[in-house]
Amino acid sequence: ETGVTQTPRHLVMGMTNKKSLKCEQHLGHNAMYWYKQSAKKPLELMFVYSLEERVENNSVPSRFSPECPNSSHLFLHLHTLQPEDSALYLCASSQDRGFAEAFFGQGTRLTVV
Amino acid sequence: SQQGEEDPQALSIQEGENATMNCSYKTSINNLQWYRQNSGRGLVHLILIRSNEREKHSGRLRVTLDTSKKSSSLLITASRAADTASYFCATDAGGGKLIFGQGTELSVKP
Chain A
1 ETGVTQTPRH LVMGMTNKKS LKCEQHLGHN AMYWYKQSAK KPLELMFVYS
51 LEERVENNSV PSRFSPECPN SSHLFLHLHT LQPEDSALYL CASSQDRGFA
101 EAFFGQGTRL TVV
Chain B
114 SQQGEEDPQA LSIQEGENAT MNCSYKTSIN NLQWYRQNSG RGLVHLILIR
164 SNEREKHSGR LRVTLDTSKK SSSLLITASR AADTASYFCA TDAGGGKLIF
214 GQGTELSVKP
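Protein sequence lines correspond, in order, to chains A and B.
Here the first sequence is numbered in the numbering used here, starting from 1 and rising by one per residue.
Here the second sequence is numbered in the numbering used here, starting from 114 and rising by one per residue.
Extracted from the complex, chain B is given alone in its bound form (with noise of 0.2 Å):
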């Protein structure tokens, strides 16, 4: 069954623009994590929050994590052309298995 769920599913702004993606998941989780995945090519970890944690940062990017609300969202600061890509949200409710939403395309215009 999909747990995750991104909203909005296509996103398009301006270079220099914020970039926020969010994602809504049905059961517990132990960690969920956000992935970047350019036009048919592999998935590339971007950052991953636990379930006690309620935000994190890596460089431009900022995630938070709202367990009573099973959301969370993924922030890109000072968009650049080259963030352009799908962006994905997977939960971990354990046993090894990472299920992951249908993504937002994010189009990043120079």
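So here's chain A without its partners, still in its complex pose (with noise of 0.2 Å):
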């Protein structure tokens, strides 16, 4: 237990759903972020949030949505995904954005049909 809970732990969603990843950190920090995990390839960073500011866009399509109501809060919100954005979305969470260690957590596995 990492401190950082995502839910759900696996999704399966059409290509013309809406569906929401969600992320809760119960450790104080200010810095949270969203990594996507695809098969033999590196984590890519996708978002970077600061006390609920988002400072960071890796150049993430616009059908990936990210919301960060408070700073123990982070969901990303999926629209008309592509067989492609199947992958592990991993969250993750530390102290500040310049910083020391991350904390992950377990992940959603999310399948696009």
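Derived from the structure by calculation, the hints contain no laboratory data.
Because the structure is a prediction, the values reported are computed rather than measured.
Mixed in with the good hints, there may be bad ones.
[Stated by the list, open to error] Taking lysine-lysine and the PhoX-like style, the derived pairs with C-alpha atoms no more than 25 Å apart in a straight line are:
1) B:Lys139 / A:Lys36
2) B:Lys169 / B:Lys210
3) B:Lys169 / A:Lys22
4) A:Lys36 / B:Lys169
5) A:Lys22 / A:Lys41
6) A:Lys22 / B:Lys210
7) B:Lys183 / B:Lys210
8) B:Lys183 / A:Lys41
9) A:Lys18 / A:Lys36
10) B:Lys182 / B:Lys222
11) B:Lys183 / B:Lys222
12) B:Lys139 / A:Lys41
13) B:Lys169 / A:Lys40
14) B:Lys222 / B:Lys210
15) B:Lys139 / A:Lys40
16) A:Lys22 / A:Lys36
With the hints in hand, could you dock these two chains into one complex?
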């Protein structure tokens, strides 16, 4: 248990669906992140939030829409995804943005059919 | 752009042996971190080494950093079957962006 919880753990969605991934951290951290992990590829940083403000959008397609309503919660809203978006989506948090270690959630395994 | 690259991509050893994994990176860094990932799960932080440090130990883990060569190594001594996992290096070049390599898949056979 890392103090970062992601739900759901598994998600199957059609290309026309809209779904959301949720991340919650109980560590009192100020920064939160979304990463994408595809097979045989390095983890890709998608978004960085610091004190609820988006500070990094790593050229992510607009079909992925993040939301950070407070410093403990982070969402990733998904719509009209493609099969190549199937991956493990990992949320992480750290004390501050320019930081020490990151704490990861267990991830959401997303399959787009 | 990818920052860290691990070598080898896969490593298979017997229990009790030592495992060494290497990481190379391209730009200046504030620190370098190593993480472990069990299959399909989240990453777990193992150790952080700052750019002004050359070596660091944590239990059976030993990390070295050579900033002149832009490389780091992770040594796991007296490996156990439970050490079987993927190991990633990640570089922090500032701005709160941790950039990960592709990882080394370690298999420790009992």
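Hint check:
A C-alpha spacing of about 22 Å is found between B:Lys139 and A:Lys36, which places the hinted pair at or below 25 Å, so the restraint holds. Between B:Lys169 and B:Lys210, the direct Cα distance comes to roughly 22 Å. Compliance with the 25 Å bound is thereby established for this hinted pair. Between B:Lys169 and A:Lys22 the alpha-carbon distance is near 35 Å, which puts this suggested pair outside the 25 Å criterion. Using a Cα cut-off of 25 Å, the hinted pair A:Lys36 and B:Lys169 is violated, with the two alpha carbons roughly 29 Å apart.
Restraint check for A:Lys22 and A:Lys41: the C-alpha separation of about 23 Å stays at or below 25 Å, so the hint holds. Restraint check for A:Lys22 and B:Lys210: the C-alpha separation of about 21 Å stays at or below 25 Å, so the hint holds. Restraint check: the Cα-Cα separation between B:Lys183 and B:Lys210 comes to about 18 Å, which is no more than 25 Å; the hinted pair holds. Annotation: proposed proximity of B:Lys183 to A:Lys41 holds, straight-line Cα distance about 21 Å (limit 25 Å).
Among the hinted pairs, A:Lys18 with A:Lys36 is consistent with the structure: their alpha-carbon atoms are about 18 Å apart, no more than 25 Å. For the proposed pair B:Lys182 and B:Lys222, the alpha carbon gap of about 32 Å is over 25 Å, so the pair is violated. Of the pairs offered as hints, the one joining B:Lys183 and B:Lys222 is violated, with about 31 Å between alpha carbons and a cut-off of 25 Å exceeded. Between B:Lys139 and A:Lys41 the CA atoms are separated by roughly 18 Å; this keeps the pair inside 25 Å, and the hint holds.
For the hint pairing B:Lys169 with A:Lys40, the CA-to-CA distance comes to about 29 Å; that exceeds 25 Å, so the pair is violated. Between the alpha carbons of B:Lys222 and B:Lys210 the distance comes to roughly 35 Å, so the proposed pair goes past 25 Å and is violated. Restraint check: the Cα-Cα separation between B:Lys139 and A:Lys40 comes to about 20 Å, which is no more than 25 Å; the hinted pair holds. Among the hinted pairs, A:Lys22 with A:Lys36 is consistent with the structure: their alpha-carbon atoms are about 14 Å apart, no more than 25 Å.
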